[in-house]
Amino acid sequence: MDYSWVTFANALLLGLSIGSIWLIAALGLTIIYGTAGVINMAHGELIMLGAYSAYCLQTYLGVSYLLCIPLSFVIVALFGLVIERVLIRYLYARPLDTLLATWGVSLVLMQGVRMIFGNDPKYINMPQFLSSNVSFGPLSLSAFRILIIAMTAVLVGAFWYVFYRTHFGIKIRAVTQNKEMAASFGINSQRIYMLTFALGAGLAGLAGSLFAALSIVLPNMGTGYIVQSFLVVVTGGGSLLGSVAAGALTGEIQSVLAYLINDTFARFMLFILIVVFLRFRPQGLFSAGATRR
Amino acid sequence: MLMDVRNLSSWYGKTQILRDLSFDLQQGQCLCVLGRNGVGKTTLMRSLMGLCDKTTGSIRMLDNELVDVPTHDRCKEGIGYIPQGRQIFGKFTVRENILLGSFARADGKTEVPELCLSLFPYLADNLDRRAGLLSGGQQQQLAIARALAVNPKMLLLDEPTEGIQPNIVAEIGQTLKMLNKEMGITLILTEQHIKVARALSNAFLMIDNGRIVAHGSIDQLSDELVEKHMTV
Chain U
1 MDYSWVTFAN
11 ALLLGLSIGS
21 IWLIAALGLT
31 IIYGTAGVIN
41 MAHGELIMLG
51 AYSAYCLQTY
61 LGVSYLLCIP
71 LSFVIVALFG
81 LVIERVLIRY
91 LYARPLDTLL
101 ATWGVSLVLM
111 QGVRMIFGND
121 PKYINMPQFL
131 SSNVSFGPLS
141 LSAFRILIIA
151 MTAVLVGAFW
161 YVFYRTHFGI
171 KIRAVTQNKE
181 MAASFGINSQ
191 RIYMLTFALG
201 AGLAGLAGSL
211 FAALSIVLPN
221 MGTGYIVQSF
231 LVVVTGGGSL
241 LGSVAAGALT
251 GEIQSVLAYL
261 INDTFARFML
271 FILIVVFLRF
281 RPQGLFSAGA
291 TRR
Chain F
294 MLMDVRNLSS
304 WYGKTQILRD
314 LSFDLQQGQC
324 LCVLGRNGVG
334 KTTLMRSLMG
344 LCDKTTGSIR
354 MLDNELVDVP
364 THDRCKEGIG
374 YIPQGRQIFG
384 KFTVRENILL
394 GSFARADGKT
404 EVPELCLSLF
414 PYLADNLDRR
424 AGLLSGGQQQ
434 QLAIARALAV
444 NPKMLLLDEP
454 TEGIQPNIVA
464 EIGQTLKMLN
474 KEMGITLILT
484 EQHIKVARAL
494 SNAFLMIDNG
504 RIVAHGSIDQ
514 LSDELVEKHM
524 TV
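Heads up: the protein sequence lines correspond to chains U and F, in order. Counting in the numbering used here, the first sequence runs from 1 upward without gaps. Counting in the numbering used here, the second sequence runs from 294 upward without gaps.
A portion of the hints provided could be inaccurate.
Derived lysine-lysine pairs resembling BS3-like cross-links, with alpha carbons at most 27 Å apart [claimed, not checked]:
hint, chain 1, residue 1, chain 2, residue 2
1, F, 402, U, 179
2, U, 179, F, 521
3, U, 179, F, 347
4, U, 179, F, 369
5, U, 179, F, 384
By construction, these hints were calculated from the structure, which means they are not laboratory data.
Produce the entire structure from the sequences given, and follow the hints as far as they go.
What follows is the structure, encoded as structure tokens:
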């Protein structure tokens, strides 16, 4: 393989795309963890559900792919709402139990989907224009990856706006800072937790509908994404800004190392770098600053 | 009658803190809750806000029974809470802190009220400053402003002058007097400074060991009572 600045720039561009994928997978996790302190082990399976939602919508109802993306958000958000109401809401005071409970949920979901759809991979058809390559001078990237980067940017922007510029955002952040005082001023923290969980689940669903088209749809596809998502959340420190930075950084490191050596080595090095980083900065890049729960 | 409390008992976990408290409060009164540290003054405030693990008895406010109403609905009855240690949202700006108070307004007007700005010019000039950077006295002003944004009929003030430098204590005393006498807002406050209590309130409750041991109008607060229940 020859190394040149063009291929290197292409690796950087690809890193941006990898980072966006990891970030979009981690966004929902960030929001749930940052607000309610719940470590949602079922996040990967919610991504998987999003992928299957998109698959079902497209295969059985003939919905166009671009419409499947928001619909997957809605379907998985509703699903998250149900999980929150019947299970998670009893566990907010016991973070370690949420870890186990959500892990249980993840197993149930994975096995449930396996029973319904079987173990064979499913495929999603995407519109022709998304599978083409787009060139910027000597650089090129598939249109679909560009869609993901754009989507990530839009979602991060939307979430920044909701969290920092709306009354709902003030309420969420108030509950995170001081639940009792938030309640004393009329904020129903249970309702806020419920909505954030649904929102986070919906984001996982949306991510799943994108990943469905990126590769194949399998019952255990969530496991890979959850590791990546946790990496981003933990490295970032649990805040939105932290996740954005961590997503971009890890994506670039992965892509550049993969370009210089190979994929497996890149993965290996990335994990080592993160372990070393967390040894010296356990609170992550940008700590949400809230008390550790 | 604005508030009528009957047989109020309160627990943290399995430990009972308050035992059978009964008192009532007229519109426009200022009631001072007195007692040593640890006798249940703060618990009384928290019970009125619904922040204790278990509370029994009756809290009636303008004929609404509040004892089983969750905290986030109580403030909508017009109760503004200024807790011990102020507990402002340190990561929020001054503006966000006050806005948050206005979420509890019964009429749904979510804006920074003019009153807060005119009462506390420092806050008005620093609306975009992070609340965590304010001094203790400024934070207390912010806590009062936040509670006023609720448009309250009644303010609960838990040790409003604790840990604040003397010249600000007088200032806060003035503000509270104005709110009570001119705006007609009913006050319940706990206070260690007996002087501030006497100057401000027209009724008192003396609590010892979770029970009311004396109550009456403020001129009935004799030095003997203070001696007996407040000196350590």
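* Quick one: which hint numbers does this structure break? Sort them smallest to largest. => The structure breaks only hint 2.
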